[in-house]
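Based on the hints, put chain B in the right spot on chain A.
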Amino acid sequence: MKKVRKVSILSVIIFLCSIFWLMPLLLIFINSFKPYNDMMQHFLALPESWKLDMYIETWTKFKFPMLIGNTLIYTIGTVLVIVLLAPMAAYKLARTKSKLSVVCFGLIIMPMMVPFQSYMITLTRLVANVNLTGTRMGQTLVSIGLCMPLAVYMIHGFVKNVPLELEECACIDGASKVRIYFSIVLPLLKPILTTVVVLDTLATWNDIITNQLIVGGNAKAMNIQNALYMQFSAQTSDWEHALPGIVMSMIPSLIFFVLMQKHIVGGVTAGAVKG
Amino acid sequence: MKNKKINDFLLFALFVFPAVAFVLFATDIPFVMNMYYSVFDWNGVGKSMKFVGLDNFIKIFTNDKLFWKGVTFTLKFAVFYVVIVNIISLTVAVVMSKEKKSSSVGRAFYYVPYIISLTAISLIWKFIFGPGFEALYNITGWEFFNWSWVGTPKLAFYVVVIMAVWQNVGFYMVNYIAGIIAVPKELTEAAKIDGANSFQVFRKIMVPMIMPAVSICMLTSLTFAFKLFDIIMVFTKGGPANSTVTVAYNIYKEAFVNNKYGMATAKSLVFVVFVLIVTAIQLKVTKSKEVEA
Numbered sequence: 135m136k137k138v139r140k141v142s143i144l145s146v147i148i149f150l151c152s153i154f155w156l157m158p159l160l161l162i163f164i165n166s167f168k169p170y171n172d173m174m175q176h177f178l179a180l181p182e183s184w185k186l187d188m189y190i191e192t193w194t195k196f197k198f199p200m201l202i203g204n205t206l207i208y209t210i211g212t213v214l215v216i217v218l219l220a221p222m223a224a225y226k227l228a229r230t231k232s233k234l235s236v237v238c239f240g241l242i243i244m245p246m247m248v249p250f251q252s253y254m255i256t257l258t259r260l261v262a263n264v265n266l267t268g269t270r271m272g273q274t275l276v277s278i279g280l281c282m283p284l285a286v287y288m289i290h291g292f293v294k295n296v297p298l299e300l301e302e303c304a305c306i307d308g309a310s311k312v313r314i315y316f317s318i319v320l321p322l323l324k325p326i327l328t329t330v331v332v333l334d335t336l337a338t339w340n341d342i343i344t345n346q347l348i349v350g351g352n353a354k355a356m357n358i359q360n361a362l363y364m365q366f367s368a369q370t371s372d373w374e375h376a377l378p379g380i381v382m383s384m385i386p387s388l389i390f391f392v393l394m395q396k397h398i399v400g401g402v403t404a405g406a407v408k409g
Numbered sequence: 007m008k009n010k011k012i013n014d015f016l017l018f019a020l021f022v023f024p025a026v027a028f029v030l031f032a033t034d035i036p037f038v039m040n041m042y043y044s045v046f047d048w049n050g051v052g053k054s055m056k057f058v059g060l061d062n063f064i065k066i067f068t069n070d071k072l073f074w075k076g077v078t079f080t081l082k083f084a085v086f087y088v089v090i091v092n093i094i095s096l097t098v099a100v101v102m103s104k105e106k107k108s109s110s111v112g113r114a115f116y117y118v119p120y121i122i123s124l125t126a127i128s129l130i131w132k133f134i135f136g137p138g139f140e141a142l143y144n145i146t147g148w149e150f151f152n153w154s155w156v157g158t159p160k161l162a163f164y165v166v167v168i169m170a171v172w173q174n175v176g177f178y179m180v181n182y183i184a185g186i187i188a189v190p191k192e193l194t195e196a197a198k199i200d201g202a203n204s205f206q207v208f209r210k211i212m213v214p215m216i217m218p219a220v221s222i223c224m225l226t227s228l229t230f231a232f233k234l235f236d237i238i239m240v241f242t243k244g245g246p247a248n249s250t251v252t253v254a255y256n257i258y259k260e261a262f263v264n265n266k267y268g269m270a271t272a273k274s275l276v277f278v279v280f281v282l283i284v285t286a287i288q289l290k291v292t293k294s295k296e297v298e299a
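Residue numbers (my numbering), protein chains in the order written: chain A, 135 to 409; chain B, 7 to 299.
Hints were generated in silico from the structure; no laboratory data involved.
Ideal Cβ placement from N, Cα and C applies to all residues, glycine included.
Hints should not be assumed to be uniformly reliable.
[Stated by the list, open to error] Stretch by stretch, here's where chain A covers chain B in the computed footprint (C-beta under 8 angstroms, at least three residues):
{"no.": "1", "stretch": "117-131"}
{"no.": "2", "stretch": "267-280"}
[Claimed, not checked] In silico lysine-lysine, DSS-like type, Cα no more than 25 angstroms apart, as pairs:
{"no.": "3", "chain 1": "B", "residue 1": "LYS65", "chain 2": "B", "residue 2": "LYS266"}
{"no.": "4", "chain 1": "B", "residue 1": "LYS104", "chain 2": "B", "residue 2": "LYS198"}
{"no.": "5", "chain 1": "A", "residue 1": "LYS233", "chain 2": "B", "residue 2": "LYS8"}
{"no.": "6", "chain 1": "B", "residue 1": "LYS210", "chain 2": "B", "residue 2": "LYS82"}
{"no.": "7", "chain 1": "B", "residue 1": "LYS71", "chain 2": "B", "residue 2": "LYS259"}
{"no.": "8", "chain 1": "B", "residue 1": "LYS11", "chain 2": "A", "residue 2": "LYS311"}
{"no.": "9", "chain 1": "A", "residue 1": "LYS231", "chain 2": "B", "residue 2": "LYS10"}
{"no.": "10", "chain 1": "A", "residue 1": "LYS311", "chain 2": "B", "residue 2": "LYS10"}
{"no.": "11", "chain 1": "B", "residue 1": "LYS266", "chain 2": "B", "residue 2": "LYS75"}
{"no.": "12", "chain 1": "B", "residue 1": "LYS71", "chain 2": "B", "residue 2": "LYS266"}
{"no.": "13", "chain 1": "A", "residue 1": "LYS396", "chain 2": "B", "residue 2": "LYS104"}
{"no.": "14", "chain 1": "B", "residue 1": "LYS82", "chain 2": "B", "residue 2": "LYS259"}
{"no.": "15", "chain 1": "B", "residue 1": "LYS71", "chain 2": "B", "residue 2": "LYS243"}
{"no.": "16", "chain 1": "B", "residue 1": "LYS71", "chain 2": "B", "residue 2": "LYS56"}
{"no.": "17", "chain 1": "B", "residue 1": "LYS65", "chain 2": "B", "residue 2": "LYS259"}
{"no.": "18", "chain 1": "B", "residue 1": "LYS266", "chain 2": "B", "residue 2": "LYS243"}
{"no.": "19", "chain 1": "A", "residue 1": "LYS231", "chain 2": "B", "residue 2": "LYS8"}
{"no.": "20", "chain 1": "B", "residue 1": "LYS293", "chain 2": "B", "residue 2": "LYS191"}
{"no.": "21", "chain 1": "A", "residue 1": "LYS233", "chain 2": "B", "residue 2": "LYS11"}
{"no.": "22", "chain 1": "A", "residue 1": "LYS233", "chain 2": "B", "residue 2": "LYS10"}
{"no.": "23", "chain 1": "B", "residue 1": "LYS266", "chain 2": "B", "residue 2": "LYS56"}
{"no.": "24", "chain 1": "A", "residue 1": "LYS324", "chain 2": "A", "residue 2": "LYS311"}
{"no.": "25", "chain 1": "A", "residue 1": "LYS311", "chain 2": "A", "residue 2": "LYS233"}
{"no.": "26", "chain 1": "A", "residue 1": "LYS294", "chain 2": "B", "residue 2": "LYS11"}
{"no.": "27", "chain 1": "A", "residue 1": "LYS396", "chain 2": "B", "residue 2": "LYS191"}
{"no.": "28", "chain 1": "B", "residue 1": "LYS8", "chain 2": "A", "residue 2": "LYS311"}
{"no.": "29", "chain 1": "B", "residue 1": "LYS82", "chain 2": "B", "residue 2": "LYS233"}
{"no.": "30", "chain 1": "B", "residue 1": "LYS266", "chain 2": "B", "residue 2": "LYS53"}
{"no.": "31", "chain 1": "A", "residue 1": "LYS233", "chain 2": "A", "residue 2": "LYS294"}
{"no.": "32", "chain 1": "B", "residue 1": "LYS11", "chain 2": "A", "residue 2": "LYS231"}
{"no.": "33", "chain 1": "B", "residue 1": "LYS160", "chain 2": "B", "residue 2": "LYS71"}
Chain A with its partners taken away, still in its complex shape:
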């Protein structure tokens, strides 16, 4: 009897902690509706009214429509190109046995072994050399390039377990190689593609470093994270605008999380091998 109780006490503590774990987010949320004086005097209390005034002011003052638009362009652009190109490359690399294939695979997965910070300086130089600094195009291209290695690596591992017979059958039936890929192989890759989409969506939406490096202070091409950083990370902060801004930047990730919860938990674990 004693043993059972010991276990359940631990469970109770862990469950209570899970609520405590969310405290910082809850505090940000309730305080985002308060004027600064109220935050300081009634930090833990619910706001007197749930008026959206500060949200609307932040939305217009900091040009949120444009920020969200930019971030969406980067996220959707990256995910679309990755979903088109990564499985093609991974499939062909897994099915071709040649020196060229080994070299190409090596070039694609090399970045997974070295930390991003070790080439970010020269990446910034390279983007400047081809006149893409501060542009949406530059940001999207870099973002695709950075997401590609893990995507190809994961799909490559998956393709190796797809049976060859299916393709051979289609080949005998006279289908072209390109057609075989699009109508037979690609549909089989759906599970791993979902994982890749989840990982790359979160990575691109939440990205700050590449946007800071490539776009910097250029307001037109900033993403939402970079804008929050530029506006609010200085010493004296304008919390009345910062808190609604933070909350608005998180809402899309949270909605995405709720919709894709099952895939996110599975998908992020699958990506863990990257390290």
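Chain B alone, transformed into the frame defined by chain A:
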């Protein structure tokens, strides 16, 4: 025959080269450029690049206190972070691995911080440790809330640890849960019938069986710790008094604040070697402890 070969090559090129092109542009070429620039003295803007051979590397190892301060901070952070985050997430995983409705809600709660951007997280904690603690001090009067958390080097270290742990526990928890679920039920039940208590079951059966999950979590937490950058850039900016400068942040500052590109690229190379060595050692150690089911 020759025609078929050309056809095969064209098909290969069509499928593979676009992906390779993106990776070359964003990572491979910059990485090679990095090696090239590391032997120059260059400010990143001007045309005057002076070849200095291995001088940059010699300077790093003999005359760069800030870099080594960064290394010390990064190592200290790595030890604290790896130990704390793995203990918490393993404990949570043990409780949350039971198939109940409440577990899935609990898991989601722990997981939410992981999907939020580091920018938002840094700003959230900046608010909590700043105005939040001030307000809590006014309410409770506890001296604990009145300490200058972000202003004193010693406490700022713990602030960084707390933020990093808070954000990532969910991720490691999910990995551990996957490991725990994969442990065959017969093993634990047999042990219980033989009279083992829950701690013994955990110690003697669970721990050896989930070693693969442990090695993944150790490895990812270690590499995360070494690469720590975003939190520092957004929140502490290396302060107070350079006490929270990590290796990665030191490299970033060297290039973009001090405009010493050659030096910064040399440091990047040292950083790569450092990360590769430590992860190799770590992989070897944990791999040797894994057992087969």
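List of violated hint numbers, smallest to largest: Those not satisfied come down to hint 6.
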